[in-house]
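Participant: Residue numbers (my numbering), protein chains in the order written: chain Z, 53 to 199; chain D, 53 to 199; chain E, 53 to 199; chain V, 53 to 199.
The hints are simulated quantities; they were obtained by calculation from the structure and are not laboratory data.
Worth double-checking, as some hints may not be accurate.
If several chains are the same, the list does not tell them apart, and a pair holds so long as it fits within one copy or across any two.
[Claimed, not checked] Straight-line alpha carbon distances no greater than 20 Å define the calculated EDC-like cross-link-like pairs of lysine to aspartate or glutamate that follow:
1. K148 with E106
2. K148 with E164
3. K158 with E139
4. K177 with E192
5. K148 with E107
6. K158 with D171
7. K177 with E59
8. K148 with E118
9. K148 with E192
As the structure is a prediction and not an experimental result, all values here were calculated from the model.
Number of protein chains: 4
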Amino acid sequence: MRQLLAEYPVVIETPVAWGEMDAFGHVNNIVYFRYFESARVAYFREIGYLTVMEETGLGPILASTECRFRVPLTYPDTVLIGAGVPEVGDNRFVMKYRVVSVAHGKVAADGEGLIVSYDYRQNRKAPVPDAVRERIATLERTVLPGP
Amino acid sequence: MRQLLAEYPVVIETPVAWGEMDAFGHVNNIVYFRYFESARVAYFREIGYLTVMEETGLGPILASTECRFRVPLTYPDTVLIGAGVPEVGDNRFVMKYRVVSVAHGKVAADGEGLIVSYDYRQNRKAPVPDAVRERIATLERTVLPGP
Amino acid sequence: MRQLLAEYPVVIETPVAWGEMDAFGHVNNIVYFRYFESARVAYFREIGYLTVMEETGLGPILASTECRFRVPLTYPDTVLIGAGVPEVGDNRFVMKYRVVSVAHGKVAADGEGLIVSYDYRQNRKAPVPDAVRERIATLERTVLPGP
Amino acid sequence: MRQLLAEYPVVIETPVAWGEMDAFGHVNNIVYFRYFESARVAYFREIGYLTVMEETGLGPILASTECRFRVPLTYPDTVLIGAGVPEVGDNRFVMKYRVVSVAHGKVAADGEGLIVSYDYRQNRKAPVPDAVRERIATLERTVLPGP
C-alpha cells in the first residue's frame, strides 16, 4: 500500500467516519477535499510554512483544486492520504494528493491543488519564499531520489 | 407554521441540502447543531453581542447544548430555525431552539444551549454585560408580551 | 447578478452559515463542493434524472470535479449557485457550476464536474439515457438560445 | 489518559482535522457530535446491533443527545472517544460519551444520548432485543467489574 504512496513524501492516516457517508451509502464527495486539506496542512507543517508566514507575512492561498474519484469509500475503513509537490513556480506551486483505502488496498482518489504565494501584509501575490522553496526541494528529494 | 415559532423572536430559514443526509437517508444528527448555531449567531447579531464583545472583551461561550429529535428531515425541504432566550442569570443564560420542517408543517427538533459570559481579556467568567441583558429583554418582550 | 448566471439554467440560493468558516475566517474550501452538489441535485430533479434512474437502473456517477476560487466568502452573505450542462457525450456529460456572492455582487467560484452514466443493475458504464439527453437539451435551450 | 476512559468499554481514536476548526480557532461544536456518533456506531458494531437489525427489523433511533464542553480542542491534536451504556430500559437505553484530548491529557467534552429501540418493519417503538441487552451487559461487565 505504501508503494501506492511512494511519490508522496507526507502521508497521514485517518479513520472513515460512518456519518461521512451520504444517502447513496458512500463517503460523500466533499469529504475527499477535507482529506486533501488535512494532508496539505500536514505538508505545510513539515516544511515550517506557517512559521515563515508569521515571520514574513507571506503565506499560501488555495487557488484551485480538483479530485478524480476511483473507488467509492465506505465505513468501516481507514484511509492513507499522501501529499507531494511536483512543481514549484515563481509565485505558485502545485500540490498533488492521493487517497488510499486500507480495506481495499487501492487508490480511492487522486487530486491536485494550485497554491499561490500571497503577501498578506500588502495584499498581493508574492514570490514563494526561499525557505519554503528549499524545504520543499529537500523534502521531495528525501523521499524521491532522482534516477 | 409561524405559530410553532411564536416564542422564538429570531427565526432564520435555510434549505435542506441533499448531501446532509446520511446513509440512513435522513438529515444527519450533527446538522441540527449547525442549525442551532446559525440561529444563535443570528440572535447575537440582532442584539449586537459581537460589537459589545469587541468593545469590552466580554463575549459568549457555549458551555453545553442538547437536541431532542422529533421528525426526521429529508431532502427536499426547507427549515425554519427559531432562537429565544427564556432565562438570563448573573453570568450565563439559556437559549432555546426549534427547527420546523416546511414540507411537513411540523417541529423537527427542539433544543437548548447554555451560554456563559466570558472575559476574553482576563480569561475568566464574567457577568452578562448590561447592554446584552437589556437588548435580550427588549427583544423577548417585543415578541412575547407577558399576560 | 443574474447576468453572472445567465448561462446556468438552474440556480439555487442558500445562506452562508457562520460555522462554515474555518480558522482563516473564510468559508472553507470543501463547502464550495457542497454548493456544487446541491446545484447538481437540483439540476437532476429538474430533468427528472432520478425518476429515470428508478425506472431503468441508469443513473449518474460523479467521476471528477474541480473548483477555481475567485473571491473569499464570509458570513453574513447569501450565495446563488448555478448549474449548467455545456457538453453531453455518449456515456458522460460535463456540468459547470458558478457561485455568486450576493453581498459582493461577484463570482466567488467557478467549477466543473464530469458525470458518467452508469448501469447500477449491471455495474458498468452505460449510454446517457435518451430521456435525460433530451431534457438537458430542452433545458439548456430554454435558457441559452443558440446564435 | 486511559484512566479517564475506564468506564467506557469502547474507545476509538481520531486525529483532529485542521478544517474542523471554526472562525474562533477551536474545533466547532458540531464536530463533537460527529465524535459521539463515531463512538456510538463502533459500540453498535461491537455488540452486533446491525446484524440483529437485519435479522429482526429492530434497530436503534437516536431520540436526543447532549454535550458539555470542558476544554476547547485545536489542531494539531488526537482525540480518544469513549462510549458506554450505563442504563438499559424496556425499549430504550442511555449511552454516555467522553472525548479526551491526547495533547492536553484532559477531558474535552462529556455527552449523553438516549437511544430508542424501533421496529422498522411495523414503524413503532419496540423492546430492546434480548441479544442486544445481553451483549451490552457482557460488554459493560467485562470492562466494569462490580464492587
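Participant: For every hint, state whether the structure bears it out.
Facilitator: Now the hints, each set against the structure:
1. Taking the closest pair of Cα atoms, K148 and E106 never come within 20 Å of each other, the shortest separation being 25 Å inside a single copy and 37 Å across copies.
2. Taking identical chains as interchangeable, the C-alpha atoms of K148 and E164 lie at most 20 Å apart whether they share a chain (4 Å) or sit on different chains (19 Å).
3. In this homomeric assembly, K158 and E139 never come within 20 Å of each other (Cα to Cα): the closest approach is 25 Å inside a single copy and 31 Å across copies.
4. Neither within a single protomer nor between protomers do K177 and E192 lie at most 20 Å apart by alpha-carbon distance, with minima of 24 Å and 38 Å respectively.
5. In this homomeric assembly, K148 and E107 never come within 20 Å of each other (Cα to Cα): the closest approach is 27 Å inside a single copy and 40 Å across copies.
6. In this assembly of identical chains, K158 and D171 lie within 20 Å of each other by CA distance neither inside one copy nor across copies; the values are 39 Å within and 23 Å between.
7. With identical chains, the CA atoms of K177 and E59 are never at most 20 Å apart, being 29 Å at best within one copy and 31 Å at best between copies.
8. Proximity of K148 and E118 under a CA criterion of 20 Å is satisfied in both settings, with 10 Å inside one chain copy and 13 Å between copies.
9. Only within a single protomer do K148 and E192 lie at most 20 Å apart by alpha-carbon distance; the minimum there is 12 Å, versus 35 Å between protomers.
Checked against the numbered hints above, the structure violates hints 1, 3, 4, 5, 6 and 7; every other hint is satisfied.
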